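The listed protein sequences derive, respectively, from chains A and B. My numbering applies: residue 1 is where the first sequence begins, and numbers increase by one. My numbering applies: residue 1 is where the second sequence begins, and numbers increase by one.
Calculated directly from the structure, the hints in this document are not laboratory data. Please note that a few of the clues may not be correct.
Said to hold, decoys possible - Think about it this way: if two alpha-carbon atoms lie no more than 27 angstroms apart in a straight line, the pair counts; the simulated BS3-like pairs of lysine-lysine are:
#: 1; chain 1: A; residue 1: K132; chain 2: A; residue 2: K114
#: 2; chain 1: B; residue 1: K198; chain 2: A; residue 2: K86
#: 3; chain 1: B; residue 1: K35; chain 2: A; residue 2: K132
What the hints assert, rightly or not - Computed list of chain A residues with no C-beta within reach of chain B, every gap over 12 angstroms:
#: 4; residue: D17
#: 5; residue: F26
#: 6; residue: S55
#: 7; residue: Y82
#: 8; residue: G110
#: 9; residue: E115
#: 10; residue: G186
#: 11; residue: E198
#: 12; residue: K223
#: 13; residue: S230
Quantities reported herein were computed from a predicted structural model and do not represent experimental measurements. C-beta atoms are modelled at their ideal positions from N, C-alpha and C, and glycine is treated no differently.
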Amino acid sequence: MNEIVIQTDKLTKRFGDFIAANEITFDVYKGEIFGFLGANGAGKTTVMRMLCGLSKPSSGAATIAGFDIYRQTEAIKKNIGYMSQKFSLYEDLTVMENIHFFGGIYGLSGRQLKEKGEALITRLGMRNETKKMVSSLPLGWKQKLAFSVAILHDPKIVFLDEPTGGVDPITRRQFWDLIYDAVERGITAFVTTHYMDEAEYCNRISMMVDGEIKALDTPANLKKQYSADSMDEVFYGLARKAKRNL
Amino acid sequence: MSIIHCQLSTINCQLSIINYIKMIVLNNIIKTYDKGETKAVNNVSFEVGKGELFGLIGPDGAGKTTIFRILTTLLLPDSGTAYVNGFDVVKDYRVIRASVGYMPGRFSLYPDLSVEENLRFFATMFNTGIRENYDLIKDIYTQLEPFKERRAGKLSGGMKQKLALCCALIHRPAVLFLDEPTTGVDVVSRKEFWEMLKRLKEQGITILVSTPYMDEAMLCERIVLIQSGKILSVDTPSTIIGQYPERLFAVRSDNMGRLLSDLRNIEIVKSCHAFGGYHHIAFVDRIAFAGQANFADEKENPQNALLHALENENHRNIEIREITPTIEDCFIRLMGNHYQPTANGFT
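Using the sequences and the hints given, assemble the complete structure.
And the structure:
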C-alpha cells in the first residue's frame, strides 16, 4: 500500500472572496478505500470536481493517477471512474446499451467491450436483464450496474459520490461487497457517504469542515482520538463546530 | 374501596380510548402503476393517532411517496379507503387540502421568490397571515430571518429544508406530512431537524414522516417498516426490537473483510451482516437455544465455539458479545430469510 494514486498539496479553490476548499493536503494509496466525509456545504463536491479534472484549482498542486491536475485533465478522466446516486446510467437505454455506450466513451475496442460486458453480466447475474431498459430495474440493481460500468475500463481510481443513498439495507451491503471486489483487483475507491456505518468500512477517512480537512485517520484511530464509540459521534463532534451553515 | 378503584381504572381506560383520535387511517390501500404491472402500494393499512410522531421507514421504491400522495389527495388509490382528520381522501379532498401541510421530497418552493415572499405566498394561499401563526414557526424562522431577503433558490440545503417546513406549517395544519425531509442531509442537520419535529409534536400536531435512514426510526413513537409496497411491521420501535426472534451477537477481529467471508462459511452461523465496526451474526437455532439453556457448559456455548473456529482461521483480537438488535437488524430480518445475501448475489 505504498504507491500513491492521489496526492494533493495545499489544493485551494476560491469563488470570489469565498474559499470553498482551503489548502487541502492528503495522499491516497493504491488499493485503499478512502472515505471522504464532511457536513453539507463543507466543500466535498468542490474538491471532488478538482480531483476529477472538472474544475481548475485556484492554487496548490495535485496529481491523480500520476497526472497533473492543471495540465493533464484529459488523461485524468481516462484513468478514473465516477459514479453518483444522482447520475449513473441512461434510463432509456437497455442494460447492454449502457455498457457499450460507457465502454465506448472510455475507448474500449469492440472485442474488449464484448469480453468485459459478458464478464460484468455474469458477475452481476443479470443474464436475463441485458435487453431490459435500465428504467425498469430496481434501484439496487441500477446502483450495482452503474458501479460496474464505472469500472469497466479498469480505472486506477473510482470516485463514488453517495453511491448507496436510499438503497435497502441488504442491497447496500451487497454494494460494499462489490467495492471490496474492485479494491482486491487493485482499484482505489474514493467514497462519500452519509451512512456512518459505511465510514467504518473505509481504510482511512478524512473529515471536511468549513472547507478544510479537520481530521484524517483510520476509523479506529479517529474513535480513539475523539473518545467516541462510533463514527457517528466523531462526525457529530467535528461537524457541529462548523460555522459555515449557509 | 377496591370496587371504586376498579371502576376508576375502567373509566381511565375508556378515557384513553376516547382520547385516541385517529388522524390518519388507511384501509387496504392498493396503488399500481404501468397498467397494474408495478404494485407501488400493496394492501397497506395503518392508523396514526392525534399528536403522534409516526415514521414510514423504508428504502427508495418502498412506496412511501405514493402513500403521501394518496393521503394528500394528489393521487387516487386503485382500491381501499383512506381518511385524514376524519375526511375521505377521495370525496373530501378540498377539506383535506386546506387542513394539512405537505413537504414533498423534492424542494418545491419558488426559487425566484425570497425567503419572506415564499412564506407570505403560502400563508396567503391558505387564507392566513404570517403573524397569526408565527408562534408555531418562530423557533425555526428566527434561524432564517437573517436571510429573509435571499432568494429561496440560493439557500443551502439545510436552510431550504427549514424554509419548506415553515411554509408547510404557516396555516397551522392538523396533520403534517414530511416526505424524506432528511435525505442527503448531514448528521448535524438531521439531529436538529428531529429536535424541531419533537417540539411541533408537543404543540399537538400529528406528524407522518418518512425516512430511508433506519436509525431515525428510534426517534418516532410508532413506525411502519415498508419494503416493495408491503408493510413488514407496524409498532413502536422498542416493541419491534423486542420481537426480534433470535439472539444477536456482534463480532470483530483485526481483519474485518476476511472475517465476513469466514463467518459466512462457519456452519453454526446462521446469518451474518456487516454493521460498521462489527459484523452482526445469529447462530443456527439449535445452538442458540442450547447456549441459552446451559450457558455454563462450554461445549454448548456458541460464543466459545465460534471463538475457537475463528482462532483456527488465524483471526486476532477477536471480540464476540451479545447485543440488542437495531431497527436495521429487524428490517433485514423482516425482508425475508429467503433473501440470503451473497457476494454479488441476485436471488
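query: Against chain B, does E198 (chain A) keep a CB gap of more than 12 angstroms to every residue?
result: Non-interface label fails for E198 (chain A): nearest chain B Cβ at 8 angstroms, not farther than 12 angstroms.
- prompt: Against chain B, does F26 (chain A) keep a CB gap of more than 12 angstroms to every residue?
  reply: 20 angstroms, holds
field: Cβ separation check - S55 (chain A) to all of chain B, threshold 12 angstroms
entry: 19 angstroms, holds
field: K223 (chain A) and chain B, when compared Cβ to Cβ, separated by more than 12 angstroms
entry: 8 angstroms, violated
query: Is S230 (chain A) truly not at the interface, in the sense that its beta carbon sits beyond 12 angstroms from all beta carbons of chain B?
result: Non-interface label fails for S230 (chain A): nearest chain B Cβ at 7 angstroms, not farther than 12 angstroms.
query: Does D17 (chain A) sit more than 12 angstroms from chain B, CB to CB?
result: 16 angstroms, holds
field: Proposed proximity, K132 (chain A) with K35 (chain B) (alpha carbon, max 27 angstroms)
entry: Cα-Cα ~18 angstroms, so holds.
query: In terms of Cβ atoms, is chain B entirely out of 12 angstroms range of Y82 (chain A)?
result: Consistent with the label, Y82 (chain A) stays out of reach of chain B, its closest Cβ about 18 angstroms off (over 12 angstroms).
27 angstroms limit on alpha-carbon distance, applied to hinted pair K132 (chain A) and K114 (chain A): Status holds; Cα separation ~18 angstroms.
field: Beyond 12 angstroms from each Cβ of chain B, as asserted for E115 (chain A)
entry: 18 angstroms, holds
Given hint K86 (chain A) paired with K198 (chain B) - CA-CA distance at most 27 angstroms: Given that 27 angstroms is the threshold and the Cα spacing comes to 31 angstroms, the pair is violated.
field: Minimum Cβ-Cβ distance from G186 (chain A) to chain B exceeds 12 angstroms
entry: 15 angstroms, holds
In summary, the numbered hints that this structure violates are 2, 11, 12 and 13.
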